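Enquirer: Sequences are here, hints too, so could you generate the full structure?
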Amino acid sequence: MAVLTVTNLSKTFNLGTARESRILDDISFEVSGQTFVSIVGPSGCGKSTLLNIISGVEEHTSGDITLTSDAGGPARMGYVFQDPRLLPWRSVMKNMMYVQDDQSRDTVARAERYLDMVGLKKNADFYPGQLSGGMQQRVGIARAFAVEPDLLLMDEPFSHLDAITARGLREQLQDIWAQSKKTVVFVTHDVVEAVELSDRIIVLQPGGLIYEDITIDLPRPRRQSDKAVATLQADVLARLETLKAMAAAEPVAEPVA
Amino acid sequence: MTDQLVMGPDTGPSTPAAPDREAAARRTARGRRWRRTAVLALGWVAIYAVWEATSWWFGSRLLPRPHEVLQSAIEIIETGNFVGDFSASVLKTFAGFGVAALVGAPIGYAMGRSRYWRAFFHDGVTIAGTIPAIVYAVMSLIVFGLSNLGPILAVALVSAPYVALNVAEGIRGVDNQLITMSEAFGRTPRQIRREVLVPTIVPFVFAAIRMCFAVAWKVEALTEVFGGRSGVGFQIRTEYQLYDISAVLAWMVLFIAFMLVIERLVLAKAESRLLAWRPEERGAAL
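As you go down the protein sequences, you meet chains L and Y in turn.
Heads up, the first sequence is in numbering that gives the first Met the number 0, so the first residue is 0 and it goes up one at a time.
Heads up, the second sequence is in numbering that gives the first Met the number 0, so the first residue is 0 and it goes up one at a time.
No lab work stands behind these hints, which were simulated from the structure alone.
Possibly wrong hints are sitting among the right ones.
[What the hints assert, rightly or not] Heads up, incomplete: computed chain L residues facing chain Y, CB under 10 Å, no partners named: (1) S54; (2) V56; (3) K93; (4) V98; (5) G139.
[What the hints assert, rightly or not] Ranges of calculated distance between the beta carbons of each label pair, as one might list FRET restraints: (6) Y:E168 - L:G72: 38 to 46 Å; (7) Y:A22 - L:D124: 31 to 39 Å; (8) Y:V214 - L:G72: 54 to 62 Å; (9) L:D69 - Y:Q190: 24 to 32 Å; (10) L:A227 - Y:G185: 34 to 42 Å; (11) L:S42 - Y:P278: 32 to 40 Å; (12) Y:E168 - L:S42: 29 to 37 Å; (13) Y:Q190 - L:R166: 30 to 38 Å; (14) L:S42 - Y:V197: 33 to 41 Å.
If you're wondering where the values come from, they're calculated on a predicted model, not measured in any experiment.
Beta carbons are placed, not taken as given, at the ideal position from N, Cα and C, and that holds for glycine.
Expert: Set out below in structure tokens:
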């Protein structure tokens, strides 16, 4: 069953002049439950805007977005940002509980379980300032999973980390995802990362159109060192070479948030 | 003290390079601490010397000598009304702070959250912050006469603008990313206020309180000198009318000592407790 349905979605920015900037142009796609979908594309193709619209932080100009919940009722959403965005004055555990609707024992146990999955159970009483950037981002990931979302949105969560930390976190993310099977929409500019993580990759092109919709059918867990993963990464990269040229020819300014 | 300042040559057995460097670092740190203490002590010796010289020059009837003032201070402590007057002054100062926080914080909050409220309050608050403290002291006395409310109002009037401006600054500095995060996770405005906005302004409120405190207790004492029925300022006026200068100075010295203790111990401790999450506070606590 489709958890997320996007129909004819468009977004234009009025730049205050007669000219208007088209960020997303009549996009339609569906995301079915328990799949990991990546949205990739060059800078300025509207992928972050798309995520913000799905999450409700940003308005769209036209089109429809439907979210359905397995349990019925309003769909729950989890969010992992580029930065950890933890409350610096609350301990790790209190940060986990801040986004929960109830503070019951079950919920606490669930939060602890996810914290354990990212290997930070023993740091539950630490303040974010006492953790490294990678550890903070792990808390951010655990926090998002712990709300048991119908849809989990991730906005380039590893882009601010060094390569080695990012690789470790990607592997950890795969493990958590394998255990929880949440529906994930993952935005990244990194095709290599997308191939490693996703069941499906939606490629956006400058001007906000879907360029390609690729299904990745590789066994999990996938590791950077797997030959099949590396081959597919090279293949997808080659297919997107033309897109890179397009992006270079027609630079679209990333809208300032 | 000087012999402790000089570090003798290390006569111990030679140790491997790294521990040796560590030990050397420890030694220099210790040396620095000693030098600082020595310089601090020198400062006090200088104050003492200037005081002695001045009272020798003018005669101890005009400016009592340090030991005479100390004697008076001991007498004041022994006679017992000391506790009553001090607690009266301290309570009035804190009551004034309380009023300042109740009035200043909401104004600051409004100024920080909305441009319109900012425009509305900005000039008024700035002017209120510029008016000399003595004007507030005199005005409070005119309004309340010889009652405890005069000093309280004076402290409140002096402090409220600082509180308002600092809270406004704090709110304006709030991390919008934390707000979007809260909204993305469906937090209510009330939760956002309690978990994001209030903790953001706590350090600014503390900065305001500590800044005000330096001024407030002087204003409080000043108001009592003009028209109080209890408190340190009242005692200073009484002793002044009796022409007991050493008692006047003794009250002053005791008051300064007491307020410094409150500032250093109570306020600083409360601040480092509330702000324990800040890395620099943790560094200080360890």
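Enquirer: Would you mind marking each hint as holding or not holding in the structure?
Expert: Here's how the hints hold up against the structure:
1. Below 10 Å, beta-carbon pairs count as interface contacts, and S54 (chain L) has one with chain Y at about 5 Å; its hint therefore holds.
2. Here the hint on V56 (chain L) is kept, as its CB sits about 6 Å from the closest CB of chain Y, short of 10 Å.
3. The closest approach between the C-beta of K93 (chain L) and any C-beta of chain Y is roughly 9 Å, which is under the 10 Å cut-off, so the hint is satisfied.
4. A cut of 10 Å between beta carbons decides the hint on V98 (chain L): the least distance to chain Y is about 4 Å, and the hint holds.
5. Checking G139 (chain L) against chain Y by beta carbon gives a least distance of about 9 Å; that is within 10 Å, so the hint holds.
6. At about 42 Å, the CB distance of E168 (chain Y) to G72 (chain L) agrees with the hint of 38 to 46 Å.
7. With their beta carbons about 34 Å apart, A22 (chain Y) and D124 (chain L) fall inside the hinted range of 31 to 39 Å.
8. The hint said 54 to 62 Å for the Cβ distance between V214 (chain Y) and G72 (chain L), and at roughly 56 Å that hint holds.
9. For the hinted restraint 24 to 32 Å between D69 (chain L) and Q190 (chain Y), the CB-CB distance of approximately 26 Å keeps it satisfied.
10. For A227 (chain L) and G185 (chain Y), the hinted distance range of 34 to 42 Å is satisfied, since their beta carbons lie about 40 Å from each other.
11. Under the hint 32 to 40 Å, the C-beta atoms of S42 (chain L) and P278 (chain Y), about 33 Å apart, fit the expected range.
12. At about 35 Å, the beta-carbon gap between E168 (chain Y) and S42 (chain L) stays in the expected band of 29 to 37 Å.
13. Roughly 35 Å separates the CB atoms of Q190 (chain Y) and R166 (chain L), a value that falls within the hinted 30 to 38 Å.
14. Checked against the hint of 33 to 41 Å, the pair S42 (chain L) and V197 (chain Y) passes, with Cβ atoms roughly 37 Å apart.
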